[in-house]
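Q: Could you put the whole structure together from the sequences, leaning on the hints where they help?
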Amino acid sequence: MSTLMHDVVVIGGGISGLMASIYLAGKGYKTALISRGDPVCCLSTGCIDVLSTALNPLDGFGDLSEMHPYHLVGKKGVEQACKLFKEIMSKSPIPYVGSIRKNREILTPIGTFKTTCLVPQTMAASLGCRDEYVHVISFTGIKDFYPSYITSRLSNTGFSLYDAGVSSTLAIAARFEEKGFAADFATWITGLELPPGKVALPAVLGVNNPVAIMEEISSRINREVFEIPTLPPSIPGLRLFRALKAAFQDLGGDVFWGMPISSVERHGHIIEAVTLATSARATRVQGKAFILATGSFVSGGLFATRDSVYETVFGIPVHVPGARKDWFWNDFFTAGHPIEEAGIEVDSSFRPKQTTLENLFVCGSILARSEVMKNHCGHGLALATGLKAAKVCERKLT
Amino acid sequence: MTFEHCVRCTICVENCPVYKVEPRFPGPKQSGPDAQRFRLDGEKSVDQWVKYCSQCRRCQIACPYGVDVAEIILKAQLKYGTEHISPFTAHLFANAYHLNALGSTFAPLANKAASFKAAKAVLNLLGISREPDLPEFRFFNMERGRRRKGKGRKVAFFYGCHLNFNRPDIGWKIRDMLVAMGCRVVMPRQTCCGLPALGNGDLDMAKKYAQKNASVLTSFINKGFDVLYACTSCGLTLIQDYPGILEAPGGKKIAENTYNVNEFLHSLLQDDKENRPLGRLEKRIAYHIPCHLRALGIGYPAAKIFEQIEGLECFVLDDNCCGLAGTYGFKKRNQDIAHKLGEIASIPIRALNADAVVADCGACRMQLGHYTGLSAMDPAEIIAEAMANSINNKKKSGHGIKRLFQKTPY
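Just so you know, the protein sequences line up as chains A and B, in that order.
Quick note: the first sequence uses our numbering, first residue 1, plus one each step.
Quick note: the second sequence uses our numbering, first residue 1, plus one each step.
Source of the hints: derived by calculation from the structure; they are not laboratory data.
Please note: incorrect hints may appear among the correct ones.
[Stated by the list, open to error] Okay, derived cross-link-like pairs now, SDA-like style, lysine to any residue, Cα gap no bigger than 25 Å in a straight line:
id: 1; chain 1: A; residue 1: K114; chain 2: A; residue 2: F145
id: 2; chain 1: A; residue 1: K179; chain 2: B; residue 2: P23
id: 3; chain 1: B; residue 1: K283; chain 2: A; residue 2: G252
id: 4; chain 1: A; residue 1: K91; chain 2: B; residue 2: F315
id: 5; chain 1: A; residue 1: K179; chain 2: B; residue 2: R130
id: 6; chain 1: B; residue 1: K340; chain 2: A; residue 2: A246
id: 7; chain 1: A; residue 1: K374; chain 2: B; residue 2: V7
id: 8; chain 1: B; residue 1: K273; chain 2: A; residue 2: A246
id: 9; chain 1: A; residue 1: K30; chain 2: B; residue 2: D272
id: 10; chain 1: A; residue 1: K27; chain 2: B; residue 2: R284
id: 11; chain 1: A; residue 1: K288; chain 2: B; residue 2: D271
id: 12; chain 1: A; residue 1: K143; chain 2: B; residue 2: R130
id: 13; chain 1: B; residue 1: K273; chain 2: A; residue 2: K86
id: 14; chain 1: B; residue 1: K151; chain 2: A; residue 2: S2
id: 15; chain 1: B; residue 1: K75; chain 2: B; residue 2: R39
id: 16; chain 1: A; residue 1: K143; chain 2: B; residue 2: R37
id: 17; chain 1: B; residue 1: K304; chain 2: A; residue 2: S2
id: 18; chain 1: A; residue 1: K91; chain 2: B; residue 2: E307
id: 19; chain 1: A; residue 1: K86; chain 2: B; residue 2: A351
id: 20; chain 1: A; residue 1: K86; chain 2: A; residue 2: H71
id: 21; chain 1: A; residue 1: K91; chain 2: B; residue 2: R39
id: 22; chain 1: B; residue 1: K340; chain 2: A; residue 2: A186
id: 23; chain 1: A; residue 1: K288; chain 2: B; residue 2: K75
id: 24; chain 1: A; residue 1: K179; chain 2: B; residue 2: R24
id: 25; chain 1: A; residue 1: K91; chain 2: B; residue 2: D319
id: 26; chain 1: A; residue 1: K30; chain 2: A; residue 2: A246
id: 27; chain 1: A; residue 1: K91; chain 2: B; residue 2: D355
id: 28; chain 1: A; residue 1: K30; chain 2: B; residue 2: D271
id: 29; chain 1: B; residue 1: K304; chain 2: A; residue 2: A246
id: 30; chain 1: B; residue 1: K253; chain 2: A; residue 2: T3
id: 31; chain 1: B; residue 1: K340; chain 2: A; residue 2: G180
id: 32; chain 1: A; residue 1: K288; chain 2: B; residue 2: E274
id: 33; chain 1: B; residue 1: K304; chain 2: A; residue 2: T3
A: Here it is as structure tokens:
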């Protein structure tokens with residue numbers, strides 16, 4: 001067995017785990033990030049929802065349940081996390097815009113509007129296009145993006161189809177990264193002689209350098225351009241993940257990708273090491289502190305059997321709302337589904353309650369009572385609790 | 001996990017290099033778990049497009065649910081291969097070892113011949129791409145070199161075909177570094193790891209190769225040797241496929257006792273920290289992570305060594321596949337795919353303004369050296385250079401080790 005020594009071992013490579021890792025690696029701690037696979041943020045719109053129930057997300061805190069993890073972070077903590085996030089992203093090819101004190105709306109592929117807080121710069125122009133003319137451009141053969149949903153919902157719109165020679169979002173994105181493709185595309189738009197207004201297109205403006213591509217098109221056609229997030233595979237989600245991962249790696253962080261944790265070594269109240277289930281010889285990752293950011297059910301941090309819900313890495317007790325029959329609602333997507341409350345309960349220093357573990361901190365959507373779908377607070381919660389857990393972990397290390 | 005565990009989230013699709021440049025390939029989700037529902041024993045395969053998969057295994061690493069996407073596709077490729085007549089290139093590349101051995105034996109002649117336009121045209125007619133540079137053969141290959149050196153910790157070095165026939169200089173550098181760090185290095189008699197045969201749809205031949213290597217390697221392991229590999233694809237085959245699909249006798253034992261050279265060096269360097277074995281090296285490098293290093297799940301050990309080298313600026317790039325994927329990119333059929341992926345992988349490397357591109361895999365080096373125009377180096381070359389710069393090492397003597405610490409060894 002090979003042993004690798006670290007100061008902190010972060011388990012879970014989603015937004016929350018990455019945020020914690022970036023903070024700690026930036027402070028000079030030897031940090032390892034272990035992830036079973038790519039995080040579900042790759043499937044998201046890439047937008048940071050902080051809390052979509054109020055115009056100012058921070059004002060909405062009062063309406064949250066008393067036990068909501070946001071209260072453990074506090075308004076200031078959430079602001080700090082968003083500020084740090086924007087700072088990290090400003091050094092990446094995809095800066096984020098928006099204010100933590102004001103929610104905004106972006107256009108969705110079905111012509112409705114989604115309330116969110118911070119958005120990638122490629123969606124910055126998506127605000128306030130209810131009255132002005134928006135021309136939607138789609139691509140021949142593209143699946144799951146139908147401009148007629150938008151044109152039928154919004155009155156002042158039109159649409160055109162561009163033949164990129166390929167039809168999947170990822171393939172079109174690769175074409176936009178070819179030399180000269182964006183220029184040809186812009187020339188074609190100019191030829192359409194559109195009425196004044198903005199141009200919208202599905203989020204396909206390349207994976208690596210979308211802002212540069214958007215600006216090139218925008219300057220050539222002399223009008224504002226913005227992206228509309230698509231169904232998965234979601235390129236804005238992929239960009240967000242890759243930018244955060246790169247930021248962590250640039251700080252000298254270690255990543256262990258695609259490997260589940262097969263066993264945990266505990267000594268009294270201390271977790272000493274975890275073992276990665278590689279195909280043969282196990283890799284043992286040792287740390288002074290551990291951060292658990294494995295996410296909820298979809299990400300595999302929680303798993304439900306017929307009669308219980310358990311946490312998949314350490315087997316920490318999970319808070320479950322009532323008996324199993326109470327978890328069932330006819331409509332899973334109805335706001336406030338009880339199962340959304342399931343998760344790990346933590347104390348004010350983000351250590352799991354009902355355990356005596358001293359060097360384990362929990363963050364992200366695995367936290368109990370976060371009710372991400374009801375409150376629309378997914379990425380915001382991940383950032384805020386990730387940073388906070390990293391900070392308390394830092395205190396433990398010094 | 002089997003195909004039934006797939007929740008169709010498309011994270012694998014986001015990570016597939018081929019899918020974004022080849023519209024005829026429906027992506028890992030559809031050619032893996034989705035199509036698997038319709039594949040029946042005793043029914044002839046019709047999914048010709050499975051052959052577009054380059055087996056980079058990025059999908060499998062990315063899958064959050066642990067579905068063995070690449071393995072499902074590999075099995076479908078093998079099924080297709082046995083049910084249909086394989087093209088000439090598949091037979092040719094499945095035998096890559098013998099092809100290399102022939103090239104190495106007639107090295108000056110073979111290299112000269114391959115440089116002629118006419119020869120490229122003939123190869124093209126046979127189904128070989130014109131695009132990538134063909135690797136140059138070396139007559140004095142590792143098989144012809146010294147097979148034992150040094151004293152101390154016992155290691156058996158599985159150097160693989162690329163170092164053996166094309167870049168023995170790197171192989172010897174690795175050997176001498178290990179010797180300098182106190183190892184007794186033995187080069188066991190070895191043949192191809194079997195991956196080219198597996199990738200070209202010939203399971204039987206791959207098994208034969210695996211059996212040959214397995215019997216040699218297990219005998220070394222029984223004598224207390226650790227097995228080291230330098231090529232990450234050979235390593236992945238030894239560790240994942242020998243105990244897995246190739247069912248090599250003693251496969252599990254091999255997998256448990258096989259280490260990446262840099263992983264091993266890192267631990268040796270860690271133990272020898274007081275002696276400061278690594279000197280200063282002023283360089284800016286782009287470290288391209290080969291897909292199969294990612295798939296090994298050992299992290300990026302060479303990057304950990306680079307961190308300890310003063311003056312070295314290393315940028316880790318692990319989001320792109322170079323596109324060559326072993327013998328895959330040498331086929332005319334995959335020419336465009338390999339070309340486009342090579343271009344895509346080169347963009348971030350060029351943007352770094354690096355002095356060199358570094359990769360553990362010989363195929364990645366060939367491809368990225370070709371597309372970026374930078375010198376493509378193995379991590380071992382960087383580490384050897386840093387070791388040569390260490391004052392403490394210069395005092396070390398010993399037969400042949402001195403050569404490692406000369407400015408221009410080999």
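Q: A separate judgement is required for each hint: does it hold in the structure or not?
A: Each hint tested on the structure:
1. A/K114 x A/F145: Answer holds: A/K114 to A/F145 is near 16 Å, not above 25 Å.
2. A/K179 x B/P23: holds, 19 Å
3. B/K283 x A/G252: It holds: about 17 Å lies between the C-alpha atoms, which stays within 25 Å.
4. A/K91 x B/F315: holds, 15 Å
5. A/K179 x B/R130: Holds: A/K179 and B/R130 sit about 22 Å apart, inside 25 Å.
6. B/K340 x A/A246: Roughly 23 Å between the alpha carbons, so the hint for B/K340 and A/A246 holds.
7. A/K374 x B/V7: holds, 23 Å
8. B/K273 x A/A246: violated, 29 Å
9. A/K30 x B/D272: This hinted pair holds, its Cα atoms lying about 20 Å apart.
10. A/K27 x B/R284: Roughly 24 Å between the alpha carbons, so the hint for A/K27 and B/R284 holds.
11. A/K288 x B/D271: With a Cα-Cα distance of about 21 Å, the restraint between A/K288 and B/D271 holds, given a limit of 25 Å.
12. A/K143 x B/R130: violated, 35 Å
13. B/K273 x A/K86: violated, 39 Å
14. B/K151 x A/S2: Holds. B/K151 to A/S2 sits at ~23 Å (cutoff 25 Å).
15. B/K75 x B/R39: holds, 11 Å
16. A/K143 x B/R37: Measuring from Cα to Cα gives roughly 22 Å; hence the hint holds.
17. B/K304 x A/S2: Status holds; Cα separation ~14 Å.
18. A/K91 x B/E307: holds, 22 Å
19. A/K86 x B/A351: Measuring from Cα to Cα gives roughly 23 Å; hence the hint holds.
20. A/K86 x A/H71: Roughly 22 Å separates the two Cα atoms, so the pair holds.
21. A/K91 x B/R39: violated, 47 Å
22. B/K340 x A/A186: Measuring from Cα to Cα gives roughly 23 Å; hence the hint holds.
23. A/K288 x B/K75: violated, 42 Å
24. A/K179 x B/R24: Roughly 23 Å separates the two Cα atoms, so the pair holds.
25. A/K91 x B/D319: holds, 18 Å
26. A/K30 x A/A246: At roughly 16 Å apart (the allowed maximum being 25 Å), A/A246 and A/K30 satisfy the hint.
27. A/K91 x B/D355: Status holds; Cα separation ~23 Å.
28. A/K30 x B/D271: Satisfied, since the Cα-Cα distance of roughly 18 Å is no more than 25 Å.
29. B/K304 x A/A246: holds, 16 Å
30. B/K253 x A/T3: Holds, at roughly 19 Å.
31. B/K340 x A/G180: holds, 15 Å
32. A/K288 x B/E274: holds, 24 Å
33. B/K304 x A/T3: holds, 14 Å
Comparing the model with each numbered hint stated earlier shows that hints 8, 12, 13, 21 and 23 do not hold.
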